[in-house]
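Please model the entire structure based on the sequences and the hints provided.
Heads up: the sequence lines are chains X and V, in that order.
Residues in the first sequence are numbered from 23 upward in steps of one, following my numbering.
Residues in the second sequence are numbered from 2 upward in steps of one, following my numbering.
To be clear, the hints were calculated from the coordinates, so they are not data collected in a lab.
One thing to keep in mind: the hints can contain errors.
[Unchecked claim] Quick list of the computed label-pair ranges, beta carbon to beta carbon:
(1) V:N127 - X:A125: 25 to 33 Å
(2) V:I129 - X:S237: 37 to 45 Å
(3) V:G38 - X:F48: 45 to 53 Å
Ideal Cβ placement from N, Cα and C applies to all residues, glycine included.
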Amino acid sequence: MTAVLRREFTSYFSSPIGYVFLAVFFAFSGFFLYITTLQTGTVNITSVFSQMFTILIFLIPILTMRLLSEDKKQKTDQVLLTAPLSLTGLVVGKFLAAFFIFALGVSVMLLYAVVLSAFATIEWTVFFGNIIGLLLLGGALISVGLFVSGLTENQVVAAVGSFAIMMLLMLIDMIAGAIPIKFISDLIYKISFFDKYNEFTVGIFNFANILFFLSFMVVFLFLTIRALEKRRWS
Amino acid sequence: MIEVKNLTKRFGDKLAVNNVSFEVSEGEVLGFLGPNGAGKSTTMNILAGYLSSNEGQALINGIDILDDPIAAKKNIGYLPEHPPLYLDMTVKAYLDFIYDLKRVKLPRKSHIAEICEVVKITDVYNRIIKNLSKGYRQRVGLAQAIIGNPKVLILDEPTVGLDPKQIIEIRSLIKRLGENHTVILSSHILPEVQAVCDKIIVINKGNVVADDTSDNLAHNLSSDHRLSVRIEGPEKEVTKLLSTIPGMVDVKGTRMVEKGIYEYVLEAHEGVDIRREMFKRLSSRNWPIMALKSSELTLEEIFLKLTMDDVYSHGVTVANKDTESNDKETISGGEK
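Rendered as C-alpha cells:
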C-alpha cells in the first residue's frame, strides 16, 4: 500500500496536475479570504470554508480522474494486480495519495488563520472543526472520483463523470425541495452534503455528520474494490 | 511448480481458453506457441492472477491463485505483452517502486544493481522511461519481472518488437534465467520457442492442440520429408524424373530462379529420405543440384497440420508412436 501511495503522490508532481490543483486551490481560497475577511474587516474565516464547497466540485475530479483510469489505459494495472498486494491495499493507497495532496491544499488554511490571528483572536475550536469538515468533505468526494475513475480507461470520461455526480450531490437539496412528497424529500435531505458540511462551517461539530462522511468514503472505496474485482471476472 | 487443470475462460460469449491443462516442473522452460488471439495471453494473465478463470484451477507452487492470491503472486514475476511501465518515471524510480510493491526482502541497492546488469539497462538507469527505445522498455519490463527473484517467470512474447541483435540477447538471457527459474514464455515464432524451451504447448482457438518436449515436436513438425531444391536442367523432364523416385508424394511449385535453374518443392512419405536417391538419379543425367534445404513449415501450416491431423486431435500423444505408451503428455483437447 505504501509503495502505491508513494508512487501516486510523487506522480502528482511529475505531471502538472499536482501543481495545477494546489495553485487553483490556493488562488480561490486566497480570493475568498480576501473578499470575506480582509475586505469586510472580520477574522471569521468560516465563510471561506463554505465557499470552498463549490470549488471542490470542480477541483476534486482533476485530482482523481487518472488514479485508476490511466493504469488501465497504459496497462500498468497489470503490474499492480499481479503484485502481492490486496485490492484493498491498492485502492486505499490510491485514495490516500489523492487525499494527501488535497490535505496539502487545505493546509494553506492554517497559514490564513495564523495571519488573521495577528489582527484579532480567532476561535480556534471552530477553525479546526472547519478544517476537519473540509477534510471529510474532500475525502468523500475523492472516494467518488476514485470510483468513477475505476470504471473507465478514459481520463476525460472519469473527470466528467465524477463532476456530474458531485454536481448532483451539490444540487440534491434543490431536488429534495422540488419533490412535494414529504417522505421522499426528507429521505433525500438525509444524504445532503451541503447541510452536513454547513454545520461544520457554522461551528457545529456533530458526530453524526463525521460518521456520515466517513461511511460515505468507506462505501465508495468498497465499491471501487468491487469494480476492480469485477473487471477481473468479465 | 505450475499446475493448470481444466482452465476455461469466457469473455461474454467468446470462449478464450477452453479446458486447458498442463504442468510445468521446477526449472523447466515451457513455450506457449500459437497465433495471435489463440488464448496465450489470456492463459498467462490467469496464471499471473490478473484475470480470473471461469472454470478450472491454476496452482503456483501448490497454491491456488484464486484461493490465496497474495501468497501465490509472491512466487511470480510477470512480463505482460505490453511492458507495464509508468512512462513518467525514471528507470531507477520505477524499479524502486516495483521493489517496494513486491515487498522484496533482498538488499535493495545490490539486488536492483545486479538485475540492471543482467538485463543491461545500467546505462539508462537514470533516464525517464518515456524517452527509452522499445528494446530498452522491454528490458525494463523484464527487469521488473525478475525483481525479487520469483521462482516462476511468466513472459508474454518477450522478444516482440525487438531488433535481431536484441532478440538474440533476450533469448540467451531467458535461457540463463531458465537455469534457476521456472519459466513460461509465449511466442508465435516457432524457432524461438524451439531455441529456448524444454517443453512446448501449442494452443489454438483456446484449445491445447499439442503438448510435448521441444525435440519431439520439432521432429514431428519441422518435416524432414519436405524439401525445397534448385536443379539446373529442363523443367519438365526433371519433374518427371523426380516424381519417379520411390517414396515421393508430390513434386510442385516449379519456377525459374536463375537462367535454366528451377525450384521444386518435394514432398515424400514420412520417414523416407529421398535425398540420396535424388542425387544418384540427377547426377546420372548430369543435372546439378544448385541448392537443397528442408523446407520449414510456417506456423499456419503447423496449425493446419495440428488441427486437421487425426493423430493430434484425438487424445493421442504427439510424440512418435513408439514412445506413446510411456509418454504421459496427452492432449487435453481429447480429455473432454
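Consistency of beta-carbon spacing, A125 (chain X) to N127 (chain V), with hint 25 to 33 Å
31 Å, holds
So does I129 (chain V) sit 37 to 45 Å from S237 (chain X), Cβ to Cβ?
41 Å, holds
CB-CB spacing for F48 (chain X) and G38 (chain V) relative to the 45 to 53 Å hint:
51 Å, holds
The structure shown violates none of the earlier numbered hints.
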